[in-house]
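S.K.: The lines below spell out each chain.
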Amino acid sequence: DTEVTQTPKHLVMGMTNKKSLKCEQHMGHRAMYWYKQKAKKPPELMFVYSYEKLSINESVPSRFSPECPNSSLLNLHLHALQPEDSALYLCASSQVAQSYEQYFGPGTRLTVT
Amino acid sequence: GESVGLHLPTLSVQEGDNSIINCAYSNSASDYFIWYKQESGKGPQFIIDIRSNMDKRQGQRVTVLLNKTVKHLSLQIAATQPGDSAVYFCAENGGAANFGNEKLTFGTGTRLTIIP
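Heads up: the sequence lines are chains A and B, in that order. The first sequence begins at 1 in the working numbering and counts up by one. The second sequence begins at 114 in the working numbering and counts up by one.
Hints listed in this document are in silico derivations from the structure and should not be mistaken for laboratory results. By construction, the Cβ of each residue, glycine as well, lies at the ideal position given by its N, Cα and C atoms. One or more hints might be untrue.
Covered stretches of chain B (in silico footprint by chain A; criterion: 3 or more residues with CB under 8 Å from a CB of chain A, positions within the stretch not fixed) [stated by the list, open to error]:
hint, region
1, 148 to 160
2, 219 to 228
If you anchor each label on the Cβ, the simulated ranges turn out as follows [claimed, not checked]:
hint, chain 1, residue 1, chain 2, residue 2, range
3, B, 208, A, 69, 27 to 33 Å
4, A, 111, B, 170, 38 to 44 Å
5, A, 26, B, 196, 25 to 31 Å
With a cut-off of at most 30 Å between alpha-carbon atoms, the simulated DSBU-like pairs for lysine-lysine come out as follows [as the list claims (entries may be wrong)]:
hint, chain 1, residue 1, chain 2, residue 2
6, B, 155, A, 36
7, A, 41, B, 184
8, B, 184, A, 36
9, A, 22, B, 155
10, B, 155, A, 41
11, A, 40, B, 184
12, A, 38, A, 19
13, A, 18, B, 155
14, B, 169, A, 41
15, A, 40, B, 181
16, B, 181, A, 9
17, B, 181, A, 18
18, A, 38, A, 53
Okay, chain A solo, but in the shape it has when bound (with noise of 0.2 Å):
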């Protein structure tokens, strides 16, 4: 299984909700990233998990919250939303120390209402 899994595809929400994306692996890979995508741009690395401990912090506003609740599933919790927060929130896993190829999900489109 060479699949990374993003849920939901799709998210509206309001300024005042919290939601959280999900996404999963099954690859073994110890490492699992977070990007946000605006539209016509490269992916903006946020956060990086390396054996579930968070490494990489890329100055990311408090509203969004990571969690790597074991080696296969990442999420990132969102409240308080700004508008120009909507964009296209990639994940990715890697091998640790091995290789620097990053496996991508599908993403998750998120408009922020």
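Please arrange chain B on chain A, whose structure you already have, making use of the hints.
M.R.: Using the frame of chain A, we list chain B on its own:
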């Protein structure tokens, strides 16, 4: 700061022709480079990668060339097909110091359109 950039934001190629997508990088410490293809509504998909101890690597219909002297990377796609229409991103690793964090920095992307 260091950045990865692309020379052309858009490229149109006749079906069946070869295409070349270019990428300039500025972090001389980078020793791993990767090309991704992103189709509309999908996540980036791995195409091919290359390490700095190589200057050329070939895959199926794709070739990546690395010129470390001028810090330039290119992706050649042979005999283009309609399914090759997508945005192509190059990415670099920023050097061995990032190993263990596996951080990639993406370039701005080139939209390739194949004309039937």
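S.K.: Hint by hint, say whether it matches the structure.
M.R.: Evaluation of the provided hints:
{"no.": "1", "hint": "148 to 160", "verdict": "holds (count 7)"}
{"no.": "2", "hint": "219 to 228", "verdict": "holds (count 4)"}
{"no.": "3", "hint": "B/208 to A/69: 27 to 33 Å", "verdict": "holds, 32 Å"}
{"no.": "4", "hint": "A/111 to B/170: 38 to 44 Å", "verdict": "holds, 40 Å"}
{"no.": "5", "hint": "A/26 to B/196: 25 to 31 Å", "verdict": "holds, 27 Å"}
{"no.": "6", "hint": "B/155 to A/36", "verdict": "holds, 13 Å"}
{"no.": "7", "hint": "A/41 to B/184", "verdict": "holds, 22 Å"}
{"no.": "8", "hint": "B/184 to A/36", "verdict": "holds, 27 Å"}
{"no.": "9", "hint": "A/22 to B/155", "verdict": "holds, 16 Å"}
{"no.": "10", "hint": "B/155 to A/41", "verdict": "holds, 14 Å"}
{"no.": "11", "hint": "A/40 to B/184", "verdict": "holds, 24 Å"}
{"no.": "12", "hint": "A/38 to A/19", "verdict": "holds, 19 Å"}
{"no.": "13", "hint": "A/18 to B/155", "verdict": "holds, 25 Å"}
{"no.": "14", "hint": "B/169 to A/41", "verdict": "holds, 27 Å"}
{"no.": "15", "hint": "A/40 to B/181", "verdict": "holds, 28 Å"}
{"no.": "16", "hint": "B/181 to A/9", "verdict": "violated, 40 Å"}
{"no.": "17", "hint": "B/181 to A/18", "verdict": "violated, 47 Å"}
{"no.": "18", "hint": "A/38 to A/53", "verdict": "holds, 27 Å"}
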